[in-house]
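Visitor: The chain contents come next:
2 protein chains.
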Amino acid sequence: MLNFNVQLNDTASIVEIALKEMLQKQGNDLMSAPIRHAVLNGGKRLRAFLVIHSCNIFEVQKDTAIQAAIAIECLHAYSLVHDDLPCMDDDELRRGKPTVHVKWDEATATLTGDALQALAFELIASLPNTDAIRIVELLKKLAKASGMQGMVLGQAQDIQAEKSEVNLNINDITSLQQNKTGALIEWSAISGAILSNHDDRKLLDYAKSIGLAFQIQDDILDIEGDAVLAGKRLQKDVSAGKATFVSLLGIENAKLRAKELIEEAIDALSDYGDKAEPMRQVAKFIIERKM
Amino acid sequence: MLNFNVQLNDTASIVEIALKEMLQKQGNDLMSAPIRHAVLNGGKRLRAFLVIHSCNIFEVQKDTAIQAAIAIECLHAYSLVHDDLPCMDDDELRRGKPTVHVKWDEATATLTGDALQALAFELIASLPNTDAIRIVELLKKLAKASGMQGMVLGQAQDIQAEKSEVNLNINDITSLQQNKTGALIEWSAISGAILSNHDDRKLLDYAKSIGLAFQIQDDILDIEGDAVLAGKRLQKDVSAGKATFVSLLGIENAKLRAKELIEEAIDALSDYGDKAEPMRQVAKFIIERKM
Chain A
1 MLNFNVQLND TASIVEIALK EMLQKQGNDL MSAPIRHAVL NGGKRLRAFL
51 VIHSCNIFEV QKDTAIQAAI AIECLHAYSL VHDDLPCMDD DELRRGKPTV
101 HVKWDEATAT LTGDALQALA FELIASLPNT DAIRIVELLK KLAKASGMQG
151 MVLGQAQDIQ AEKSEVNLNI NDITSLQQNK TGALIEWSAI SGAILSNHDD
201 RKLLDYAKSI GLAFQIQDDI LDIEGDAVLA GKRLQKDVSA GKATFVSLLG
251 IENAKLRAKE LIEEAIDALS DYGDKAEPMR QVAKFIIERK M
Chain B
1 MLNFNVQLND TASIVEIALK EMLQKQGNDL MSAPIRHAVL NGGKRLRAFL
51 VIHSCNIFEV QKDTAIQAAI AIECLHAYSL VHDDLPCMDD DELRRGKPTV
101 HVKWDEATAT LTGDALQALA FELIASLPNT DAIRIVELLK KLAKASGMQG
151 MVLGQAQDIQ AEKSEVNLNI NDITSLQQNK TGALIEWSAI SGAILSNHDD
201 RKLLDYAKSI GLAFQIQDDI LDIEGDAVLA GKRLQKDVSA GKATFVSLLG
251 IENAKLRAKE LIEEAIDALS DYGDKAEPMR QVAKFIIERK M
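First to last, the sequence lines map onto chains A and B. If you count by our numbering, then the first sequence holds residues 1 to 291, one letter each, in order. If you count by our numbering, then the second sequence holds residues 1 to 291, one letter each, in order.
Just so you know, the hints here were simulated from the structure itself, not pulled from any lab data. Take the hints with a grain of salt, since some may be wrong.
For chains that are exact copies, the list does not tell them apart, and a pair is met inside one copy or across any two.
Using 27 Å as the maximum straight-line C-alpha spacing, the simulated DSSO-like pairs for lysine-lysine come out as follows [claimed, not checked]: (1) LYS259 to LYS242; (2) LYS25 to LYS97; (3) LYS140 to LYS284; (4) LYS144 to LYS103; (5) LYS242 to LYS202; (6) LYS62 to LYS103.
Keep in mind the model is a prediction, meaning the values are calculated, not measured.
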């Protein structure tokens with residue numbers, strides 16, 4: 001795991017540098033500071049890692065892969081900025097730093113998210129060395145994954161669940177998770193296949209498994225994690241009385257289920273040989289991470 | 001003007017039907033009702049009108065034009081839903097109906113705008129009968145026009161101006177307007193040229209003039225307009241002590257300037273003959289409209 005952590009950090013550094021360079025090219029105006037604050041937050045860059053290594057399997061050019069990777073990180077950053085708003089999850093900290101609406105205000109946070117969504121699509125539309133047909137395919141899938149049948153729906157399902165008296169069952173929270181976080185993880189994992197016009201079904205199976213395992217591990221860390229390490233409030237699901245994978249399965253069964261899912265994810269990569277090794281490693285990392 | 005009003009209403013009806021059909025295909029889930037409320041609001045559909053008639057000049061297929069037209073209306077609707085939020089303009093009425101955050105709540109309004117932005121890009125990425133290279137060009141321009149160097153920047157400039165002690169001068173409000181509303185009007189007016197791979201400079205000149213005239217007329221209507229007809233609060237700029245084209249130029253000079261701009265816009269269309277007649281008519285409509 002130590003070696004893999006190094007690899008994950010190396011990729012995160014490359015992504016951070018690429019994001020900085022890209023944002024510098026966008027010029028310096030009213031929106032620059034909150035956008036930088038939202039994007040350059042030292043995250044794990046899990047989605048970017050998946051894009052880069054999915055692209056590597058299919059020999060997509062490196063600069064193409066990195067630009068697709070920073071696009072998904074912009075889209076993810078937009079979703080976090082909006083999720084943190086007082087009318088949504090009302091979070092004041094994100095990776096140990098004040099959230100955008102705390103450091104600036106709610107209007108700025110709304111606009112920051114809006115701008116980052118547009119930027120993500122702009123980056124995909126401008127992918128270097130890529131046939132326009134491939135760009136259009138990837139972009140269509142990004143729009144679907146992030147919109148009213150993907151991430152936004154998942155967020156709406158989450159809010160509805162919080163308000164409702166009725167607790168969700170395991171199918172409900174699986175569907176909620178699949179929309180809220182799974183759809184972007186899937187997009188990231190299949191991106192290399194889409195860009196190189198290859199079959200994406202095995203990668204989709206892989207992504208479905210790691211996406212679900214990721215959420216189960218999040219629920220486990222919400223109970224067992226370290227708030228300082230995580231840089232955010234923990235046990236908020238528990239204190240809100242929300243149904244989670246842990247509350248429904250029990251913590252030991254939740255851990256078992258996550259482990260099974262990671263085995264399934266690794267099996268789905270069997271066709272791809274050594275080049276898929278980073279994607280196998282990241283699958284294991286998902287359930288071994290502490291933050 | 002009567003005949004032109006009929007034509008504008010006919011186009012708006014076609015756009016309304018196309019929007020309804022498209023939203024039906026998106027299925028029925030948690031986000032459907034607020035999205036329908038935001039999009040199907042009986043607006044003038046000025047941006048859609050520009051897209052359809054810009055496409056007609058260059059003989060872009062009708063179904064392609066209509067899909068591009070409904071995409072820009074989704075994007076415009078997203079911007080209105082977010083602009084109406086309490087942290088932004090805090091408006092309770094839009095075309096005489098309660099705004100999304102009033103009818104639902106702020107979280108739903110935030111998500112509705114987010115979903116509509118994604119939907120706009122999805123619709124452009126899925127344009128029928130269109131070469132992928134043309135789609136990518138149009139999409140890149142839409143992302144730029146709506147993002148941190150376009151519409152979002154304009155909204156941020158507007159908010160900053162409201163907070164600032166220093167009143168804007170005519171260059172400042174021209175830049176603000178060009179970003180906030182001009183960029184999407186420009187995109188709409190040039191869309192036909194982009195989709196057919198023709199030079200877009202004349203249409204860009206046209207669009208810059210009508211965009212500015214549109215804002216001047218808005219400022220005039222904010223003083224002289226009828227709140228019932230407009231379906232929204234009027235004189236809010238005056239009561240907020242904001243600099244507007246009217247407060248800086250005086251109402252008579254503002255009217256003269258708007259008229260000049262429309263003449264310039266019509267001149268810019270001289271190459272395009274009869275097919276550009278609806279775009280000339282809509283330019284005149286912009287300064288003759290009462291709402």
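Visitor: For a quick check of understanding: which of the numbered hints are violated here, in increasing order?
Guide: When the structure is compared with the hints, numbers 3, 5, 6 turn out to be violated.
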